[in-house]
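Novice: Sequence:
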Amino acid sequence: MTSSGPAPAGPDRPTVSDPLARFAAELVGGPSGRHVRPLPSSRVRLVVLVLAALSWLVLVLRQLPCRELPGGAAADRYQAMCYSDIPLLYRLRGLVDGATPYLDSGSYPVLEYPVLTGALLELERLVTVALGAPVGPGLSGDQALVAADLFTGVNVVVLGLLFGVTVAAQVATVPGRPWDAVMVAASPCVMAAGLINWDLLPVALTAAALLAWSRSRPGVAGALIGLGAAAKLYPLLLLGPLVLLCLRARRGRDAAATVLAAAGAWALVNVPVLLLAPDGWLAFWRFNAERGAEFGSLWYVLALAGQPVPALNLVSFGLLGLACAGIALLALRAPRRPRTGQLAFLVVAAFLVTGKVYSPQYVLWLLPLLVLARPRWRDWLVFTTGELVYFVAIWLHLGGWLGPADGGPDVGYWLAVLLRLACEGWVVAVVVRDVWWPHHDPVRVPGVDDPSGGVLDGAPDAPWPWSPARATAPAHAGVPAASNRPAGEGVPIEQVIARIRAGARDGDDAEH
1 MTSSGPAPAG PDRPTVSDPL ARFAAELVGG PSGRHVRPLP SSRVRLVVLV LAALSWLVLV
61 LRQLPCRELP GGAAADRYQA MCYSDIPLLY RLRGLVDGAT PYLDSGSYPV LEYPVLTGAL
121 LELERLVTVA LGAPVGPGLS GDQALVAADL FTGVNVVVLG LLFGVTVAAQ VATVPGRPWD
181 AVMVAASPCV MAAGLINWDL LPVALTAAAL LAWSRSRPGV AGALIGLGAA AKLYPLLLLG
241 PLVLLCLRAR RGRDAAATVL AAAGAWALVN VPVLLLAPDG WLAFWRFNAE RGAEFGSLWY
301 VLALAGQPVP ALNLVSFGLL GLACAGIALL ALRAPRRPRT GQLAFLVVAA FLVTGKVYSP
361 QYVLWLLPLL VLARPRWRDW LVFTTGELVY FVAIWLHLGG WLGPADGGPD VGYWLAVLLR
421 LACEGWVVAV VVRDVWWPHH DPVRVPGVDD PSGGVLDGAP DAPWPWSPAR ATAPAHAGVP
481 AASNRPAGEG VPIEQVIARI RAGARDGDDA EH
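Counting from 1, one number per residue, gives the positions in the sequence shown under the UniProt record's numbering.
Derived from the structure by calculation, the hints contain no laboratory data. Don't take each hint at face value.
DEER-style ranges, computed between Cβ atoms [what the hints assert, rightly or not]:
1) E112 / G141: 20 to 28 Å
2) G400 / L302: 18 to 26 Å
3) V157 / G219: 24 to 32 Å
Note that the Cβ used here is the ideal one computed from N, Cα and C, for glycine as well.
Generate coordinates for the entire structure from the input sequences, incorporating the hints supplied.
Specialist: As structure tokens, this is what we get:
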């Protein structure tokens, strides 16, 4: 790759750039020296994918105690912390009877998930039947267990592949920082929560969308966001940050292409089900509108403490709206245009903090975005600690082992929820600081703007009437070091000789 402007920084070496990684490296011989040749990106990708495979193997082995088979005694799913919706909903949502989600009805509740998740379940159901699983409304209890176990095995493979897609996309999304993906591939959060539900489908689609965005393909990114929103609603939140950043960079056409592609992909999946089974399609929306304060949320803790929040939908969505307005103001008033990963993390974190429920697997939504927003091992460790404490506490709470023997308030569970919220709040605060004072940002080093920003990377920073920033070309003029420039000072366009080409990047950019 050639450039007429200043060369961007070379591949990041965490044992040199990351204080915690550097400290850990001292225990095994010290950080790599400057004469060490960096691994090619293909080798890094292989190493990270191997780590992801090992993490998935740990998860599968951890789930084995909860395996239910005829004549066997499964462990208590809460005590063993290996609960999963997968085999339960196969039996409880009519799949074991051969019913197609949304289209068929019977003596079971309608599947309460968006339609693309339902489509995945139907595909997996067909594969399960093709592999010999018994099917039909007249199955015995033992036959239903055998079928559900085979269905779970199919999910182990499918969700494992989706995790691999997520990790591979993470490696390639930020040129020059392939090792950041280790924070996803080797995350204990994945080993804990990866098989609770089907959340890795929207997670993989979101990761692929951000990869497409980083390769300057806004239409493809929008379509993948639309598909992700058809599997779980949260990927839709990414459209707001992308539109705001495009407006600030005067890339309105790219913003429009992204939104239109997202709307088209979402409609392509949803409209057929809406027309064929409107009641089944509405089940997801009705379920979420009617649910109250549930596990993991601040509202649930208040309800347990005897202080339930009235008009919870209004309060929850109102706070989310205020948070999104604050993020929008930050995006437009920041001295320099924020990075894509930073705003994506902030808006999804706001959604989860203000939401009515926080299921343990929701950590999978935040983890890849955390790594894009703040790829530092210290902050990853803070985030992981809060999530794992909550993961343990929720199962002990459900099993009745965390509360006092006299049946009093389960204060231990309350504290675990508050600790998780505090850890998430820590990372949010650090990301906001990085946006407002870019010299703290570990990604936006001198010579680098927004390496995962695609069409935004290197684009002039348009002046806003209410923004303190001047029109700048931040990309390859670099971020001023704290020692010799005021925090967040822009670089005038006239001082920039040229910008590095902001087109699609080759997968080996990390080596240049």
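Novice: Taking the hints in turn, state whether each one holds.
Specialist: A quick look at each hint next to the structure:
| no. | hint | verdict |
| --- | --- | --- |
| 1 | E112 / G141: 20 to 28 Å | 24 Å, holds |
| 2 | G400 / L302: 18 to 26 Å | 21 Å, holds |
| 3 | V157 / G219: 24 to 32 Å | 31 Å, holds |
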